[in-house]
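J.: In case you want the letters, here they are:
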Amino acid sequence: MTAQTTARSPDRLLSITAILLKVIQGMLYFIAAIVALVIPVAWIARTAVIAEISKNGALHGSSTQTMIALTLVLLVGLGVLVLGIAFVRRMIAIVGSVAVGTPFIPENARRLRQMAWLVVASQGFAFVAGIMSAWLSAHLPQGNHVGFEVSFEGILTALLLFVLAQVFEHGTRLTDDAEGTV
Amino acid sequence: MGDDTELASAIIVRLDDLLHARRMTLTELSERVDITLANLSILKTGKAKAIRFSTLEAICRELECQPGDLLGYEAG
Chain R
1 MTAQTTARSP DRLLSITAIL LKVIQGMLYF IAAIVALVIP VAWIARTAVI AEISKNGALH
61 GSSTQTMIAL TLVLLVGLGV LVLGIAFVRR MIAIVGSVAV GTPFIPENAR RLRQMAWLVV
121 ASQGFAFVAG IMSAWLSAHL PQGNHVGFEV SFEGILTALL LFVLAQVFEH GTRLTDDAEG
181 TV
Chain U
1001 MGDDTELASA IIVRLDDLLH ARRMTLTELS ERVDITLANL SILKTGKAKA IRFSTLEAIC
1061 RELECQPGDL LGYEAG
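The listed protein sequences derive, respectively, from chains R and U. Going left to right, the first sequence walks through residues 1 to 182 as the working numbering numbers them. Going left to right, the second sequence walks through residues 1001 to 1076 as the working numbering numbers them.
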């Protein structure tokens, strides 16, 4: 059963969405690669990094503690980026299935559920980062670098995605029923 | 219920016989009743899971038959 969309606007909106998502995905990959590179490089050049950070004020603890704090911040950032990439990839897959006229497939319900868990996980990361932030900002005199916060929107988004997954499961059942109808 | 689609249905479709009696091909019927050839094939080969009344009406109109001529029930 193919969905013959005769309306122009939804098609165009879908194409724009697909393009935007691919751009975002590219950006996330790029930034994640940079962050992943920065971590080992920072350790290799730790004396230079410590010297740079010390310019803004004396270190609180040892230079190793400062390096660990920096690494943790970067790891949390990398984690959130990886979750974001996984999220966007699934979204691109869903949009793709809509484009070919088969949105109500079991895979999409599964993808939506996974996307919901990804949002939950990134909220978890933000929560952990929030707990660490006092310790982190003490060791990174440039102030609180940690910009992650558990957000109401994030929780709502996760819930919305769980609901959508259920909706798509229902849609899949309906589509299956309709498939054999002449 | 959306269960096993591989179970043979007890409902039989006698489209072949009726087409033959009217000297009509499936393609011709498809054009007359505005139902896709694919759907008619599904019906003919017994793979259909459900039939709309509108489809039933159109077929009975063109083949000049009753639903009971087109569909049958064979238990077991």
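Check the hints yourself; a few may be wrong.
[Said to hold, decoys possible] Just the calculated beta-carbon pair ranges, DEER-fashion:
hint: 1; chain 1: U; residue 1: 1050; chain 2: R; residue 2: 105; range: 15 to 23 Å
hint: 2; chain 1: R; residue 1: 149; chain 2: U; residue 2: 1047; range: 34 to 42 Å
hint: 3; chain 1: R; residue 1: 99; chain 2: U; residue 2: 1056; range: 49 to 57 Å
hint: 4; chain 1: U; residue 1: 1074; chain 2: R; residue 2: 105; range: 32 to 40 Å
hint: 5; chain 1: R; residue 1: 174; chain 2: U; residue 2: 1016; range: 29 to 37 Å
hint: 6; chain 1: R; residue 1: 163; chain 2: U; residue 2: 1068; range: 42 to 50 Å
[Unchecked claim] Quick partial rundown of chain U residues pointing at chain R, CB under 10 Å, derived from the structure:
hint: 7; residue: 1039
hint: 8; residue: 1040
hint: 9; residue: 1043
hint: 10; residue: 1050
hint: 11; residue: 1055
Don't read these hints as lab results, they were simulated from the structure. All C-beta atoms in this analysis are idealised placements derived from N, C-alpha and C, irrespective of residue type, glycine included.
J.: Hint compliance check: list the failing hint numbers for this structure, sorted ascending.
T.: Of the numbered hints given earlier, those the structure breaks are 2, 3, listed in rising order.
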